[in-house]
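Peer 1: Protein chains in written order, with the numbering used here: chain S, 1 to 267; chain L, 268 to 608.
Don't read these hints as lab results, they were simulated from the structure.
Warning: the hint list may mix true and false statements.
Stated by the list, open to error - DEER-style ranges, computed between Cβ atoms:
1) S:Ser58 to L:Lys456: 22 to 30 Å
2) L:Pro348 to S:Pro67: 39 to 47 Å
3) S:Lys155 to L:Arg365: 41 to 49 Å
As the list claims (entries may be wrong) - DSS-like mimics (lysine-lysine), calculated; alpha carbons at most 30 Å apart, straight line:
4) L:Lys366 to S:Lys224
5) L:Lys356 to L:Lys456
6) L:Lys540 to L:Lys502
7) S:Lys262 to L:Lys366
8) L:Lys603 to S:Lys262
9) L:Lys502 to L:Lys601
10) S:Lys15 to L:Lys570
11) L:Lys570 to L:Lys540
12) S:Lys262 to L:Lys601
13) L:Lys540 to L:Lys602
14) L:Lys509 to L:Lys297
15) S:Lys262 to L:Lys502
16) L:Lys366 to L:Lys297
17) L:Lys502 to L:Lys603
18) S:Lys262 to L:Lys570
19) L:Lys509 to L:Lys540
20) S:Lys262 to S:Lys224
21) L:Lys502 to L:Lys602
22) S:Lys262 to L:Lys540
23) L:Lys356 to L:Lys366
24) L:Lys540 to L:Lys297
25) L:Lys601 to L:Lys540
26) L:Lys602 to L:Lys509
27) L:Lys356 to S:Lys262
28) L:Lys356 to S:Lys224
29) L:Lys540 to L:Lys456
30) L:Lys456 to L:Lys502
31) L:Lys456 to L:Lys509
32) L:Lys297 to L:Lys456
33) L:Lys603 to L:Lys509
34) S:Lys155 to S:Lys52
35) S:Lys15 to S:Lys262
36) S:Lys5 to L:Lys356
Ideal Cβ placement from N, Cα and C applies to all residues, glycine included.
For reference, the chains in residue letters:
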Amino acid sequence: MSELKIVVCLKVVPKSEEVSVNPETNTLERGNARSEINAADMNALQLALDLKDTHGGSVTLVSMGPPFAERYLRLGMAMGADAGYLLSDRAFGGADTLPTSYVLAEGVRALQECDLVVCGEESSDGATGQVPAGIAEWLDLPQVTGVTTAQLLPKSRLIRARRELHGGYEVVEAPLPCLVSVRLGANEPRFIDFQRWDWALEEAPVTVWSAADLNLDESLVGLKGSATVVAGVAAAATAERRREFLSGTAEEKAEQLLERIKNWTRA
Amino acid sequence: MIDPRYGPQEAAGVWVHLEHEAGELASVSKEILGRARALADERQEPLTAVLMGSGVGGAALEAVSLGADEVLVAEHPLLDPYTTAPHAKVLDALVAERKPDILLLAASPDGRDLAGRLAVRLRTGLTADCTDLRINPENGLLVGEVTGFGQGILATIECPDHRPQMATVRPGVFQRPEPDASREGRVEKIAVELSEADRPVRVMRRSLKHGVDITQAERLVVAGRGVSGDLALLKRLARLLKAEIGGTRVAADAGWVGHDRMVGQTGSVTHPKLALVCGVSGAFQFTVGIQDAGTVIAINSDKDAPIFDVADVCVVDDVFQVLPRLIEYLESEKKKNGRSD
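If we strip away everything but chain S, and leave its shape as in the complex, we get (with noise of 0.2 Å):
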């Protein structure tokens, strides 16, 4: 096999813990919420970076998003990958997944040759979980969603991964070229590498391309392109809790516990 190589598709996400819904316009408050590489890309880089040590070649990041994505895969550089391209258009913006996973190919596509294109399974974000096989859709390549370990047997141009089911698994093979969405938590992402934090920052190639630069029709992308549309936005309702808190020595916890108990489990 030629030298392997291994596109990671990254989105920048807003930390879910600090986005909230303006209670009275209804719409998502991402102020000052600070971002972050979605915690299962992470996974899927740290997948593709694993393999690239085995195996040798290269890691490129493609990324969907606002300028400012450039620092996180300036980070994700400095992990291990080697170039950059963010994919950065106003008219992207409002996207839902079917123009998202058509941009995202299109990148992909640009970069000509690629043995394997290695996505976290959702974002934490929309968490639709989605893009991934529209992505391999749109490029025409075998898919296997849900992975949590990956190996590579070259010689017979083979990806053999364990998807995780629900009460079980699965290991398949997959021919190359093809498309591995990483589970969330699959795996430790490693620590950035301080020797190539200066070349991260400075020097590594980050390409950003427009609509124009990939020929995309700006009507099939972003709000424009998009299927669905959101009717409301609200935040969620969660159960109000009783927040009880017992007293007495742990016996007379125990004991009220047991009476509470025996009511629910009678009701």
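On the provided structure of chain S, position chain L as indicated by the hints.
Peer 2: Structure of chain L alone, referenced to chain S:
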């Protein structure tokens, strides 16, 4: 816009893609059938179920008893076990030919894998991991309710111009309907043409019996860092309460519980009537997993632990002091009540 393969004028009918394991309908598929029946009644349209695999005849009859008017059965050896490409090919052809208005799938690993692929092939919208489905009385559109940002935010999504309106449904959010053996429905065999070239991904090994599906548990006893790997008491308690054991990320990573029992963002979102969480500090990534629980009891020796913000009954004490007493009481209760259960 990205042009759909067909639009609202041509579309009719509610479809449910059914998941099964070795011919046994998945519980989430039963739940979706129940809700889809109500949606179809509201729209005065037939409910069609689609079954793909091999040896699924029994499941087809069960789908009728659970509300389907029609079951399309596509059987072929290459459809078993599930892999993306052949399933997407067969379902895409069926949808393009018969043009349903609504297509619902399970938000399970395989359902999401298929739905994401198919939505792009059909150039339509997909509302993922819905926690509720209804019909908008004003425009007749399917409304999918979804959560975002670790469940803190609720959004409703519609798909106005593209068809079918696709949605995946989270397991455990809808009631499973009671089967009615007297219901009548039509079972139609679909001719399937597939070759090896249609199945690029091969399943080498599939193991499903090892795990537990804690999303279906009525009661949960959850272990966190504070139990330090000593689960003997928790297991005894779980047996007495007829509960399943769950664990936090820490507990699963340390091997105290299997990863199939992991509760939270990286594990499962559970819906027990009762969750008893022991030695869990209550990080946000965990608490989303018990948010839908009926009652939450938390035991933790740190009175400032955030778990107490999301618990109904808060016990600030040592797990290993409280549980032995509770177990003792439950055992004597059980003796008192004889062998009634």
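Peer 1: Each hint should be assessed against the structure and marked as holding or not.
Peer 2: Outcome of the hint check:
no.: 1; hint: S:Ser58 to L:Lys456: 22 to 30 Å; verdict: 49 Å, violated
no.: 2; hint: L:Pro348 to S:Pro67: 39 to 47 Å; verdict: 45 Å, holds
no.: 3; hint: S:Lys155 to L:Arg365: 41 to 49 Å; verdict: 44 Å, holds
no.: 4; hint: L:Lys366 to S:Lys224; verdict: 24 Å, holds
no.: 5; hint: L:Lys356 to L:Lys456; verdict: 16 Å, holds
no.: 6; hint: L:Lys540 to L:Lys502; verdict: 18 Å, holds
no.: 7; hint: S:Lys262 to L:Lys366; verdict: 52 Å, violated
no.: 8; hint: L:Lys603 to S:Lys262; verdict: 13 Å, holds
no.: 9; hint: L:Lys502 to L:Lys601; verdict: 17 Å, holds
no.: 10; hint: S:Lys15 to L:Lys570; verdict: 27 Å, holds
no.: 11; hint: L:Lys570 to L:Lys540; verdict: 24 Å, holds
no.: 12; hint: S:Lys262 to L:Lys601; verdict: 11 Å, holds
no.: 13; hint: L:Lys540 to L:Lys602; verdict: 24 Å, holds
no.: 14; hint: L:Lys509 to L:Lys297; verdict: 24 Å, holds
no.: 15; hint: S:Lys262 to L:Lys502; verdict: 19 Å, holds
no.: 16; hint: L:Lys366 to L:Lys297; verdict: 23 Å, holds
no.: 17; hint: L:Lys502 to L:Lys603; verdict: 22 Å, holds
no.: 18; hint: S:Lys262 to L:Lys570; verdict: 25 Å, holds
no.: 19; hint: L:Lys509 to L:Lys540; verdict: 12 Å, holds
no.: 20; hint: S:Lys262 to S:Lys224; verdict: 56 Å, violated
no.: 21; hint: L:Lys502 to L:Lys602; verdict: 19 Å, holds
no.: 22; hint: S:Lys262 to L:Lys540; verdict: 13 Å, holds
no.: 23; hint: L:Lys356 to L:Lys366; verdict: 15 Å, holds
no.: 24; hint: L:Lys540 to L:Lys297; verdict: 20 Å, holds
no.: 25; hint: L:Lys601 to L:Lys540; verdict: 21 Å, holds
no.: 26; hint: L:Lys602 to L:Lys509; verdict: 16 Å, holds
no.: 27; hint: L:Lys356 to S:Lys262; verdict: 53 Å, violated
no.: 28; hint: L:Lys356 to S:Lys224; verdict: 28 Å, holds
no.: 29; hint: L:Lys540 to L:Lys456; verdict: 41 Å, violated
no.: 30; hint: L:Lys456 to L:Lys502; verdict: 47 Å, violated
no.: 31; hint: L:Lys456 to L:Lys509; verdict: 42 Å, violated
no.: 32; hint: L:Lys297 to L:Lys456; verdict: 21 Å, holds
no.: 33; hint: L:Lys603 to L:Lys509; verdict: 18 Å, holds
no.: 34; hint: S:Lys155 to S:Lys52; verdict: 16 Å, holds
no.: 35; hint: S:Lys15 to S:Lys262; verdict: 41 Å, violated
no.: 36; hint: S:Lys5 to L:Lys356; verdict: 28 Å, holds
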